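Peer 1: The residues making up each chain are set out below.
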Amino acid sequence: MSVAQAASRVAAATAFAVLVIAAAGVPDARAQATVAPKNRVVMQVSDGEPAKWNLALNNARNLQSDLGSANVEIEIVAYGPGIGMLKRDSTVATRVDEALTSGVKIVACENTMRAQKLAQPDMLPSIAYVGAGVVEIMQRQQQGWSYLRP
Amino acid sequence: MSVAQAASRVAAATAFAVLVIAAAGVPDARAQATVAPKNRVVMQVSDGEPAKWNLALNNARNLQSDLGSANVEIEIVAYGPGIGMLKRDSTVATRVDEALTSGVKIVACENTMRAQKLAQPDMLPSIAYVGAGVVEIMQRQQQGWSYLRP
Amino acid sequence: MSVAQAASRVAAATAFAVLVIAAAGVPDARAQATVAPKNRVVMQVSDGEPAKWNLALNNARNLQSDLGSANVEIEIVAYGPGIGMLKRDSTVATRVDEALTSGVKIVACENTMRAQKLAQPDMLPSIAYVGAGVVEIMQRQQQGWSYLRP
Numbered sequence: 001m002s003v004a005q006a007a008s009r010v011a012a013a014t015a016f017a018v019l020v021i022a023a024a025g026v027p028d029a030r031a032q033a034t035v036a037p038k039n040r041v042v043m044q045v046s047d048g049e050p051a052k053w054n055l056a057l058n059n060a061r062n063l064q065s066d067l068g069s070a071n072v073e074i075e076i077v078a079y080g081p082g083i084g085m086l087k088r089d090s091t092v093a094t095r096v097d098e099a100l101t102s103g104v105k106i107v108a109c110e111n112t113m114r115a116q117k118l119a120q121p122d123m124l125p126s127i128a129y130v131g132a133g134v135v136e137i138m139q140r141q142q143q144g145w146s147y148l149r150p
Numbered sequence: 151m152s153v154a155q156a157a158s159r160v161a162a163a164t165a166f167a168v169l170v171i172a173a174a175g176v177p178d179a180r181a182q183a184t185v186a187p188k189n190r191v192v193m194q195v196s197d198g199e200p201a202k203w204n205l206a207l208n209n210a211r212n213l214q215s216d217l218g219s220a221n222v223e224i225e226i227v228a229y230g231p232g233i234g235m236l237k238r239d240s241t242v243a244t245r246v247d248e249a250l251t252s253g254v255k256i257v258a259c260e261n262t263m264r265a266q267k268l269a270q271p272d273m274l275p276s277i278a279y280v281g282a283g284v285v286e287i288m289q290r291q292q293q294g295w296s297y298l299r300p
Numbered sequence: 301m302s303v304a305q306a307a308s309r310v311a312a313a314t315a316f317a318v319l320v321i322a323a324a325g326v327p328d329a330r331a332q333a334t335v336a337p338k339n340r341v342v343m344q345v346s347d348g349e350p351a352k353w354n355l356a357l358n359n360a361r362n363l364q365s366d367l368g369s370a371n372v373e374i375e376i377v378a379y380g381p382g383i384g385m386l387k388r389d390s391t392v393a394t395r396v397d398e399a400l401t402s403g404v405k406i407v408a409c410e411n412t413m414r415a416q417k418l419a420q421p422d423m424l425p426s427i428a429y430v431g432a433g434v435v436e437i438m439q440r441q442q443q444g445w446s447y448l449r450p
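Sequence order for the protein chains is A, B and C.
Numbering (the working numbering) for the first sequence: 1 to 150.
Numbering (the working numbering) for the second sequence: 151 to 300.
Numbering (the working numbering) for the third sequence: 301 to 450.
It should be emphasised that the hints constitute simulated quantities derived from the structure, not laboratory data.
One or more hints might be untrue.
[What the hints assert, rightly or not] In silico EDC-like cross-links for lysine to aspartate or glutamate, where the CA-CA straight-line distance does not exceed 20 Å:
#1 K417(C) - D239(B)
#2 K338(C) - D366(C)
#3 K38(A) - D66(A)
#4 K38(A) - E73(A)
#5 K188(B) - D239(B)
#6 K267(B) - D66(A)
#7 K255(B) - E225(B)
#8 K267(B) - D239(B)
#9 K38(A) - E286(B)
#10 K87(A) - E49(A)
#11 K87(A) - E75(A)
#12 K405(C) - D366(C)
#13 K338(C) - E136(A)
#14 K87(A) - D66(A)
#15 K117(A) - D366(C)
#16 K188(B) - E410(C)
#17 K188(B) - D216(B)
#18 K387(C) - E410(C)
[Said to hold, decoys possible] Negatives, chain A to chain B, calculated, CB over 10 Å:
#19 P37
#20 P50
#21 N59
#22 D97
#23 L118
#24 S126
[To be verified] Sample of chain A residues at the chain C side, in silico, Cβ under 8 Å:
#25 N39
#26 V92
#27 A93
#28 N111
#29 L124
#30 I127
#31 Y129
#32 G131
#33 V134
#34 Q141
#35 Q142
#36 G144
#37 R149
Treat the numbers as computed from the prediction; the structure is a model and nothing was measured.
Yeah, the Cβ is synthetic: ideal placement off N, Cα and C, and Gly gets one too.
Construct the entire structure; sequences and hints are all you get.
Peer 2: Printed below as a string of structure tokens:
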């Protein structure tokens, strides 16, 4: 083998290796972008009207029935005038219980509770709590959740 | 040319080739991140008030006039109490037609139609249909569309 | 050194260089994806009721007090019927001033102002302006900001 032939073979083999590695690396990044996204929806309830609370609960149920309950993660965040949805005397108490049982996560904003002088005994059982509803909604979006304001 | 010279030249040529390919490959990934995003907006219409329907149609028109109709994709999803916007007797029927003509996609939620005993002949012509409005809105966000609730 | 040995050494050195460059490039892309997201929230104010304006200002304050003002960027976009929040005679003028002082960016939609025959002297001082509120809200989401509609 002459020196020129050796150089040529090395260059060819190297170019091939580089292309293989590049091909292995770049599509990997693309695969991450095209993988099926998880179905996750954060819903904001900040209105005081029971009609909006019912709409939120309908939306949650429709997401579950269309996608299958196991295939969608739903979190309802109640704050501001929407906090009434989660009080013990809420007109939608039964439906909130059903949603919790079906796997929907429902959280009350402690900032709002403090402002309205509400404590956990004033609230429906089985719900969860977050320090600030707006921070929760922002963070869910940062984590890739879709936003829905019924 | 000695063997050492040959090796040196091959190594230099190879390092250059690797850098060229790396430069072609890695900035490609970065370019995808910084490339101008497509302008795509999914609008939720879930209120029963015609004022909200008009606001949604105004918003669509403003997006088109500011960005150029060819540069923005808009989809209006009507569901829940918002379904009235797309009924044959809708107070904004003419404006819905104009929006459709201008390239806005307008879809009605079949879950809502079923609940309100509406069939396609009850609805404005030329609109499209989706199984569940909330699923459509979630999926558009998963696809990178911006969300707007007028 | 024989030609074969030279070729072998060049190939080994090259493969190493390629792996180093690949290792430097690909994890870099992954690091970008997992880095802690900046806290940035764009708020839409498009309702005419002062209760909604107060809720938006409460939400901004809660974001700041929970995360620390230095750790969250907030922009309130007023348009449509929401433009009244930013007029000189606004019922929440004092609170708008306080929000501006605390670092919240507050912008009025010039499309809306034109439609309502409003000029900058009609508006609160220190606010900023955007051509189209809806375009601003879309672009902020494209830039990774979370969306909140109080």
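Peer 1: Does each hint fit the structure? Answer for all of them.
Peer 2: Each hint tested on the structure:
1. K417(C) - D239(B): violated (32 Å)
2. K338(C) - D366(C): holds (15 Å)
3. K38(A) - D66(A): holds (15 Å)
4. K38(A) - E73(A): holds (8 Å)
5. K188(B) - D239(B): violated (35 Å)
6. K267(B) - D66(A): Holds, because 19 Å separates the two Cα atoms, which is no more than 20 Å.
7. K255(B) - E225(B): holds (5 Å)
8. K267(B) - D239(B): holds (15 Å)
9. K38(A) - E286(B): holds (14 Å)
10. K87(A) - E49(A): Judged against 20 Å, a Cα distance of about 13 Å means the pair holds.
11. K87(A) - E75(A): Answer holds: K87(A) to E75(A) is near 17 Å, not above 20 Å.
12. K405(C) - D366(C): holds (18 Å)
13. K338(C) - E136(A): Answer holds: K338(C) to E136(A) is near 14 Å, not above 20 Å.
14. K87(A) - D66(A): violated (29 Å)
15. K117(A) - D366(C): holds (19 Å)
16. K188(B) - E410(C): Not OK: K188(B) and E410(C) at ~23 Å, beyond 20 Å, violated.
17. K188(B) - D216(B): holds (15 Å)
18. K387(C) - E410(C): holds (13 Å)
19. P37: Label violated. Min Cβ-Cβ 4 Å, cutoff 10 Å.
20. P50: Since the minimum Cβ distance to chain B is about 13 Å, P50(A) lies beyond 10 Å and the statement holds.
21. N59: The assertion about N59(A) is violated, with a minimum of 5 Å to chain B.
22. D97: holds (21 Å)
23. L118: holds (27 Å)
24. S126: Label holds. Min Cβ-Cβ 23 Å, cutoff 10 Å.
25. N39: Violated - the Cβ of N39(A) stays beyond 8 Å from chain C, reaching only about 18 Å at its closest.
26. V92: violated (21 Å)
27. A93: Violated. Min distance 24 Å.
28. N111: holds (5 Å)
29. L124: violated (22 Å)
30. I127: violated (19 Å)
31. Y129: violated (14 Å)
32. G131: Check passed: Cβ of G131(A) comes within 6 Å of chain C, closer than 8 Å.
33. V134: holds (5 Å)
34. Q141: Hint on Q141(A): holds, closest Cβ of chain C at ~4 Å, below 8 Å.
35. Q142: With Cβ-Cβ at 4 Å, under 8 Å, it holds.
36. G144: violated (10 Å)
37. R149: holds (5 Å)
Hint compliance for this structure: hints 1, 5, 14, 16, 19, 21, 25, 26, 27, 29, 30, 31 and 36 are broken, all remaining hints hold.
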